[in-house]
Amino acid sequence: MASAMTPVSVRDAPPARPARRRPSWSWLGLVPFFLFSIAFMFLPIMFLVVGSFQDSEGQLTLENYADLSTGVIPNAFANSIEISAVTAIGGGLLGFLLAYSVILGGLPRFLRTALMTFSGVASNFAGVPLALAFIFTLGQAAILTAWLKTLGVDLYGSGFSLYTKIGLELVYMYFQFPLMVLIIAPALDGLRREWREAAENVGASSGQYWRHVAIPILMPSLMGAVILLFGNAFGAQATAFQLTGGTLNIVTLVISSQIRGDVQHNPGLGYAIAMGMVVIMAISIALYSVLQRRAERWLR
Amino acid sequence: MRGRGSLWAWMIFGLGAAYFIVPLIATFEFSIRTKPDMFLAYRQVLADPKFGDGLWYSFIVGVLTIVVSLLIIVPTAYWVRLKVPRLRPIVEFVTLMPFVIPPIILVFGLIRIYSRQPLVLTATDIGSNVLLVAAYVVLSFPYMYRAVDTGLAAIDVRTLTEAAQSLGAGWARIILRLIFPNLRTALISGAFLTLAIVVGEYTIANFLARPAFGPYLSLLGQNQPFQPAAVSLISFGLTWLAMGMITFLGRGARTRVQVAGAR
Numbered sequence: 001m002a003s004a005m006t007p008v009s010v011r012d013a014p015p016a017r018p019a020r021r022r023p024s025w026s027w028l029g030l031v032p033f034f035l036f037s038i039a040f041m042f043l044p045i046m047f048l049v050v051g052s053f054q055d056s057e058g059q060l061t062l063e064n065y066a067d068l069s070t071g072v073i074p075n076a077f078a079n080s081i082e083i084s085a086v087t088a089i090g091g092g093l094l095g096f097l098l099a100y101s102v103i104l105g106g107l108p109r110f111l112r113t114a115l116m117t118f119s120g121v122a123s124n125f126a127g128v129p130l131a132l133a134f135i136f137t138l139g140q141a142a143i144l145t146a147w148l149k150t151l152g153v154d155l156y157g158s159g160f161s162l163y164t165k166i167g168l169e170l171v172y173m174y175f176q177f178p179l180m181v182l183i184i185a186p187a188l189d190g191l192r193r194e195w196r197e198a199a200e201n202v203g204a205s206s207g208q209y210w211r212h213v214a215i216p217i218l219m220p221s222l223m224g225a226v227i228l229l230f231g232n233a234f235g236a237q238a239t240a241f242q243l244t245g246g247t248l249n250i251v252t253l254v255i256s257s258q259i260r261g262d263v264q265h266n267p268g269l270g271y272a273i274a275m276g277m278v279v280i281m282a283i284s285i286a287l288y289s290v291l292q293r294r295a296e297r298w299l300r
Numbered sequence: 001m002r003g004r005g006s007l008w009a010w011m012i013f014g015l016g017a018a019y020f021i022v023p024l025i026a027t028f029e030f031s032i033r034t035k036p037d038m039f040l041a042y043r044q045v046l047a048d049p050k051f052g053d054g055l056w057y058s059f060i061v062g063v064l065t066i067v068v069s070l071l072i073i074v075p076t077a078y079w080v081r082l083k084v085p086r087l088r089p090i091v092e093f094v095t096l097m098p099f100v101i102p103p104i105i106l107v108f109g110l111i112r113i114y115s116r117q118p119l120v121l122t123a124t125d126i127g128s129n130v131l132l133v134a135a136y137v138v139l140s141f142p143y144m145y146r147a148v149d150t151g152l153a154a155i156d157v158r159t160l161t162e163a164a165q166s167l168g169a170g171w172a173r174i175i176l177r178l179i180f181p182n183l184r185t186a187l188i189s190g191a192f193l194t195l196a197i198v199v200g201e202y203t204i205a206n207f208l209a210r211p212a213f214g215p216y217l218s219l220l221g222q223n224q225p226f227q228p229a230a231v232s233l234i235s236f237g238l239t240w241l242a243m244g245m246i247t248f249l250g251r252g253a254r255t256r257v258q259v260a261g262a263r
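Line by line, the protein sequences give chains A and B.
Going by this note's numbering, the first residue of the first sequence is number 1, and it counts up by one from there.
Going by this note's numbering, the first residue of the second sequence is number 1, and it counts up by one from there.
Same shape as in the complex, but just chain B (with noise of 0.2 angstroms):
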């Protein structure tokens, strides 16, 4: 039976492939109905500073969002399995938080609670950027800490962190040297899954007006008829790149984080 398949498998699975192909071939085609030049929507998208600027300052953001959550989540993760394995419930609870609160409660939380004294983050750009890359952050807990909590399963930490010790390491060596090497693939995953949230994130990077990608490519579309096209295939292909990322450096992993919130 296997290989062939019946009539009706072959009949869903082309339904599903048609929902999600027609979108993008609509897009595209779509995208170079502009005469006579069939390509002048995406030379004016890479012609434009506000395209590259957006997107880098996206990534900048993604970057910095993997490398705070990394240093909060990893040596989170690895003491609550080494020292405080009481606390795993309510640091578990913690990071399954942000399923409960979608990102524009948070959003909403975050502008009233830091426009005012004592500490106005709003009022300035870096304030704001701190903002952002915090929730972004938050956002990032469920996901980070589950594939680094499942890849910690997954090497015997006790061991590892005694035979560490007793070739006299500190702390911050086991955690740099020891931890995160041997967790490689969850920490890239989840790295991979950010970078494609963060740079495609419309809902908080525009309540903090922040100059990001999301923003950028919203107002395009309300502006323009052509360029939001090519953006938006742009868009999807990076989402794709960093999609093929996590599968291709995931081969043979336990766990391949690839489910974020609601956007």
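Bound conformation, chain A alone (with noise of 0.2 angstroms):
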């Protein structure tokens, strides 16, 4: 997502007497955005969000969203921001690494154009097929297994399951550090030459160019791409699905099973199940938003 520059509008010259005001129905032209997006997006969230503060029998209640804290949900969630913030954290420091080598460690320009193509089609090369992908990498009868296993690694004998939290780790950070690489690259190209000769010019190491200049100019991009990887994990269901066969207590398979009506019989634990999950995705919006513009400041 890189930063749009939003050029000041060019104000017409003000008339040379006060027109008399006109209502506007130039709001008109957007009838057909704003009636899809309520028919596709903001009913069906409604929906959800009436539905999570209703009982069975239709009548208010606040019991949903305290059911929330019984049986696996709060195990679900805790799974769900874990696996997110691990393979956020991890992404984002392997993504930054790997940007900052291309980019500012001096490897040859080719292979900073393939790094580019590459995170582009990893990053979106998700689901279904990513979770296969592993499962013949690392499943118990697979190349990689077997042959860490000649090395003397026996990794499903030393506890080691692809079908675990762990695996699961494994398998979104494939798709995460290409996206941090996509995210970071601008703003570690924003890094101006001047800023570097500026300190080195008043007796500054690399060291504290990099702790007292580049890090703190960094750390709101840097702070709010990992929030979006959390975001972009959090919300991930069929990768996790195919891995784990639904078995893994996490959120959005949580919401899988009520989706098809199985389980409790309480569709309104349902909604609210979905509702915890919007608050935390708005919540790492909100955040991420903020340090995006704050980064704005200095990358232009």
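I should point out that these hints are in silico values taken from the structure, not numbers from a laboratory.
All figures in this text were calculated on a predicted structure; none of them were measured in a lab.
Computed footprint of chain A on chain B; a stretch qualifies when at least three of its residues, placed anywhere within it, have a C-beta under 8 angstroms from a C-beta of chain A:
id : stretch
1  : 102-110
2  : 189-203
3  : 219-230
For glycine and all other residues, C-beta sits at the position ideal for the given N, C-alpha and C.
Hey, can you piece these two chains together into the complex? The hints should help.
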């Protein structure tokens, strides 16, 4: 998500004498967009919102939200948050180092092009085929597992399984770190050579330059990117479903079984879980946009 | 210093490259384990009508999504810039909503509201197809709007519009003959990104019980040993193709849209 610059709109010259105010109908041009958004986004979400405050007889209640603390639900939220945080920070770190190595690390220019292209592909190679590719890589009968065993590393013998939290984290990393590369590359490009030269002129070492100039400037971008990665993992369903067959206890899979209508037969609870997810997503996106605005102060 | 690179830079790059390539090699290795015919899995997949049907269905849905999305977003972004800039924050907010609403939540709401009176869409194939395209269009809003809006910023919308109007062009003509061609690069990037997303999408297609490529591959993955490996690689190739087109056609463009949402 590159920063979009908004040019100051060109103002028309002031009219010679104040025009009579006519009611403006120009907003009518936006009706198709808003109608579509209402029909296929707001109404469905409102349905979930309203439903989350109703019991099975349609009476107003807060019971569904109280029930969020029962059964597998708290654990599902904890797992989802943990997986998203681990892959956001891990993917963020690897992605940042990768972007740094090709942009500022002095690697040949064509490697940068290769990395950016691959990142575009890999960040969009998610879902079912990605989960399958990892099953063929690190599943029990897969080649990498067998190869590691000949090297003396018995993955499954030492308690590892691809179909658990750690396995899912490894899979998510495949699209997380390329996404980080895509997001952070413009910020690294925006580090101006003059800043480094200015720092060197006043006798700063490379470490001091990074600690006192580059990192503080990059910080909003870095944190914003990591939050975006968090949301990216938090909302993912297909990858986890294909990998674990729905057995892993994370929020998107709990909601999946709610949509199918099994388990507790309490639709209101399903809606409340969905709302919990939306709230967490909303908080992360709000944080992201605040940080993004700060980052844009420097990177233009 | 440029051109050689330090040791650690090479090491990081090697790690990233390995993470990227190893699963692909492993998947390929698995897909040719069939004996004695190495390419049996590929032959079986290509001979299976469900493969072609699923891919074709998803492709058509992708194209419809692109058309509807462009028909909604381009006039809207244009109108916001030209006539109602004070509504820009609201429009931007709406287009960013899909970041807050993951596909699983969107399809949850869509199924619940459109499976009851007054508008039962999930009961028929056509209704479900409409819901599927509509959901994908919503998911395309964030990057489509951004791409179009950035594209509009690069051309002088007001002057172009006034020039066209003074030559007697109407609104439909202005948008189709003037705005669309000027936004070509942005629109093409958005279109290919949409294709890459829609063709592999699983969550929404599955819950709407659509015969799409994603659910087909998912089912295959649960029932067959070698074919899923072959199809996963084909699917990766298709993603590569779509993103390659964006890079190729988007050379020199101001922005390249490459980031979509969670899956």
